[in-house]
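Asks: Chain by chain, the residues:
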Amino acid sequence: MRKYVRVFAFAARDQIVYMPAFLFRNIFFVVILFTFFSLWRVIFAGRAALSGFTMVQLLWYLTFTETIELSKSRSLFGIQEEVKDGTVAVTLSRPYSYVLYHLMRALGESYVKMIPMLVVGFLLATLFVGPLPGYLAALPCGIVVIALGLLITNLWLIVINLLSFWSEETMPYYWIVQKLIFILGGLFIPIDLFPQWLSGIARMLPFAFSAYWPSVTMVSFSIETFLTALGGAVFYALALGGLAAFLYGRGKRRICAQGG
Amino acid sequence: METVLSVSNLTKTFRVVEKRPGFRSALRSLFAPSYREVRAVDGISFSVERGEILAFLGPNGAGKSTTIKLITGILFPTSGGIEVFGMNPHKKRRALAYRIGTVFGQKSQLWYHLPPLDSLRLLGDIYDIDPREAERRIETLAETFEIRPYLRTPVRKLSLGERIRCEIAASLLHKPEILFLDEPTIGLDVIAKQIIRDLIRRINEEDHTTIFLTSHDAGDIEKLCRRAIVINHGKIVWDDTIKTMKYSFLRRKVIDLKLESPLDLASEGVEILKAKGYSAKIEVDLSKVELDEVIGRIMRNNKVADITISNPPMEEIISMIYRGER
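Those sequence lines, one after another, are chains A and B.
FYI, the numbering for the first sequence is 1 to 260, going by the numbering used here.
FYI, the numbering for the second sequence is 1 to 326, going by the numbering used here.
Keep in mind that a hint or two might mislead.
What the hints assert, rightly or not - The calculated BS3-like cross-link candidates involving lysine-lysine, where the alpha carbons are at most 27 Å apart (straight line), are:
| # | chain 1 | residue 1 | chain 2 | residue 2 |
| --- | --- | --- | --- | --- |
| 1 | B | Lys-243 | B | Lys-276 |
| 2 | B | Lys-235 | B | Lys-246 |
| 3 | B | Lys-92 | A | Lys-84 |
| 4 | A | Lys-252 | B | Lys-246 |
| 5 | B | Lys-281 | B | Lys-253 |
| 6 | B | Lys-235 | B | Lys-281 |
| 7 | A | Lys-84 | B | Lys-274 |
| 8 | B | Lys-91 | A | Lys-252 |
| 9 | B | Lys-253 | B | Lys-223 |
| 10 | B | Lys-92 | B | Lys-107 |
| 11 | A | Lys-252 | B | Lys-92 |
| 12 | B | Lys-235 | A | Lys-252 |
| 13 | A | Lys-84 | A | Lys-252 |
| 14 | B | Lys-235 | B | Lys-276 |
| 15 | A | Lys-252 | B | Lys-107 |
| 16 | B | Lys-175 | B | Lys-107 |
| 17 | A | Lys-179 | A | Lys-84 |
| 18 | B | Lys-107 | A | Lys-84 |
| 19 | B | Lys-288 | B | Lys-303 |
| 20 | A | Lys-84 | B | Lys-253 |
| 21 | B | Lys-223 | B | Lys-107 |
| 22 | B | Lys-253 | B | Lys-276 |
| 23 | B | Lys-276 | B | Lys-288 |
| 24 | B | Lys-246 | B | Lys-274 |
| 25 | B | Lys-235 | B | Lys-258 |
| 26 | A | Lys-84 | B | Lys-235 |
As the list claims (entries may be wrong) - Residues of chain B placed beyond 12 Å of chain A at every Cβ, according to the derived structure:
| # | residue |
| --- | --- |
| 27 | Arg-93 |
| 28 | Thr-102 |
| 29 | Ser-171 |
| 30 | Asp-240 |
| 31 | Val-289 |
Simulated from the structure, these hints should not be mistaken for laboratory data.
Here a beta-carbon is modelled for each residue, glycine too, at the ideal position from N, C-alpha and C.
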């Protein structure tokens with residue numbers, strides 16, 4: 001296990017090699033939040049709440065969903081590239097689990113990206129809509145489910161990129177899953193605002209555990225919400241992890257690393 | 001001698017999608033794609049003894065890299081058998097990884113933004129080497145490969161020669177018994193090539209590491225290897241010592257001349273490769289004419305200031321094998 005911890009640590013270090021670039025990335029996050037804040041102010045237009053969300057809760061909710069979305073690993077897209085260009089020959093010739101190696105690398109990257117975004121999100125949301133009631137009480141449990149949300153998002157990326165053993169191009173699959181997380185996962189709009197039949201289904205789908213459940217745990221914390229978020233996240237993380245292991249097991253036989 | 005690697009009747013076939021030009025063809029291929037079978041490796045058999053330096057040669061697309069990937073367990077064979085230290089590489093890929101090292105000259109195993117020292121330490125962990133022991137080995141490798149000055153420089157700032165030295169050092173950290181080097185000197189200048197060759201020879205002599213080398217550089221083969229396997233279109237076309245290779249293909253001699261007047265020579269079996277002013281380079285086909293006859297004729301017809309007789313370069317011998325000439 002030591003090797004995977006080291007891979008995690010190295011990926012984290014790799015992110016902060018260029019500190020200015022690392023911090024500059026957060027500017028995009030600020031722009032997105034500013035746009036959302038302006039948009040939702042108009043939508044609320046003096047209303048006290050929308051489907052149980054106050055404006056403060058909703059805008060804080062969006063800072064958490066966007067933090068997860070923008071912290072996801074970019075390095076996982078390298079799986080497709082290395083299968084295509086044959087670099088997979090280098091990564092496969094090491095004594096480790098290929099899936100676990102990439103997962104730990106992705107998490108090292110993601111969690112380091114997540115920290116400044118949580119700070120920037122906190123400052124920006126406080127500045128625009130004021131503090132989130134119960135923020136500190138929700139934080140310890142919220143961080144756990146946010147971390148799990150990122151784990152699920154990264155597992156999706158691994159699963160999609162492992163499809164490159166079968167398919168030349170996996171980006172279309174990524175776009176489909178990304179849009180499902182955007183909509184059914186509640187990344188742009190909390191699921192609670194959907195028609196009841198749809199929100200009931202969406203709450204149970206894995207996409208909701210990437211964005212909705214971690215964020216809702218932070219903005220309207222209760223032990224019940226937390227346990228639902230935690231249970232679902234663990235279940236889907238295991239399921240997606242199992243799927244990734246299965247795909248790798250089948251896919252490695254199909255590697256077509258022809259030529260130098 | 002102990003056999004560390006044996007391959008028997010190994011075949012690897014790839015199915016490649018055939019795409020025809022034009023919109024209609026592209027549309028048709030969506031519903032009924034057509035495939036072409038490429039037999040990258042075609043029933044090859046050979047074995048390698050412990051401590052050997054083996055050159056595995058072939059033109060582009062001959063099946064060299066595919067063979068290495070099959071032997072290291074990265075690719076699954078279509079048919080045939082492979083045994084490395086008595087293990088099947090596809091079933092025991094991870095166990096085998098502890099005993100073999102790989103350097104793919106065109107692919108890096110070092111983290112691009114971090115210094116090589118970090119990658120070496122990470123590899124130490126990946127190979128489950130005790131951290132103190134890993135530090136000791138890094139020290140030794142830094143000494144041997146003379147990489148200490150840039151061990152703390154980010155990889156992206158290293159020259160190609162420096163990076164390749166670090167790559168080979170990284171692949172030796174876990175003391176592999178076989179090192180697979182896939183074009184390790186590609187793109188290097190003459191001095192860097194020489195350094196890499198010296199290092200390869202040294203690890204073979206000092207640690208008895210078996211070296212499996214693919215290269216397009218005749219110098220690598222001539223200066224390092226005792227035996228060569230030549231593969232073309234997936235089949236082995238030559239498997240013998242370098243000495244025999246040279247002997248078998250040396251039907252030609254190259255003569256460099258410095259004269260005191262322009263060259264005057266016309267003879268069957270003699271080809272003038274270059275003649276400029278008072279210097280000339282000729283090639284003698286020994287199957288058509290005796291060497292002493294040609295030299296005698298040169299001496300009789302010309303005033304010779306200097307004469308050098310040499311064998312055709314290794315590169316030419318290899319290309320003759322590729323072409324199937326004998």
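Asks: If a hint holds in the structure, say so; if it doesn't, say that too.
Replies: Do the hints match the structure? See the list:
1. B/Lys-243 x B/Lys-276: With a Cα-Cα distance of about 34 Å, the restraint between B/Lys-243 and B/Lys-276 is violated, given a limit of 27 Å.
2. B/Lys-235 x B/Lys-246: This hinted pair holds, its Cα atoms lying about 21 Å apart.
3. B/Lys-92 x A/Lys-84: Distance of about 24 Å is within 27 Å: holds.
4. A/Lys-252 x B/Lys-246: violated, 41 Å
5. B/Lys-281 x B/Lys-253: Roughly 11 Å separates the two Cα atoms, so the pair holds.
6. B/Lys-235 x B/Lys-281: violated, 35 Å
7. A/Lys-84 x B/Lys-274: violated, 46 Å
8. B/Lys-91 x A/Lys-252: Since the Cα atoms of B/Lys-91 and A/Lys-252 sit roughly 12 Å apart, the hinted pair holds (cutoff 27 Å).
9. B/Lys-253 x B/Lys-223: Distance ~20 Å between B/Lys-253 and B/Lys-223 Cα, so the pair holds.
10. B/Lys-92 x B/Lys-107: holds, 23 Å
11. A/Lys-252 x B/Lys-92: Judged against 27 Å, a Cα distance of about 14 Å means the pair holds.
12. B/Lys-235 x A/Lys-252: The hint holds at about 25 Å.
13. A/Lys-84 x A/Lys-252: With Cα atoms ~13 Å apart, A/Lys-84 and A/Lys-252 stay inside 27 Å; holds.
14. B/Lys-235 x B/Lys-276: violated, 42 Å
15. A/Lys-252 x B/Lys-107: OK: A/Lys-252 and B/Lys-107 at ~19 Å, within 27 Å.
16. B/Lys-175 x B/Lys-107: Within the cut-off at roughly 21 Å; holds.
17. A/Lys-179 x A/Lys-84: holds, 25 Å
18. B/Lys-107 x A/Lys-84: The hint holds at about 13 Å.
19. B/Lys-288 x B/Lys-303: holds, 25 Å
20. A/Lys-84 x B/Lys-253: violated, 46 Å
21. B/Lys-223 x B/Lys-107: Holds - the C-alpha atoms of B/Lys-107 and B/Lys-223 are around 24 Å apart, at most 27 Å.
22. B/Lys-253 x B/Lys-276: Cα-Cα ~20 Å, so holds.
23. B/Lys-276 x B/Lys-288: Roughly 25 Å between the alpha carbons, so the hint for B/Lys-276 and B/Lys-288 holds.
24. B/Lys-246 x B/Lys-274: holds, 24 Å
25. B/Lys-235 x B/Lys-258: Not OK: B/Lys-235 and B/Lys-258 at ~44 Å, beyond 27 Å, violated.
26. A/Lys-84 x B/Lys-235: holds, 25 Å
27. Arg-93: Nearest chain A Cβ is 7 Å from B/Arg-93, so the label is violated.
28. Thr-102: violated, 5 Å
29. Ser-171: violated, 9 Å
30. Asp-240: Holds, since 24 Å exceeds 12 Å.
31. Val-289: holds, 41 Å
Comparing the model with each numbered hint stated earlier shows that hints 1, 4, 6, 7, 14, 20, 25, 27, 28, 29 do not hold.
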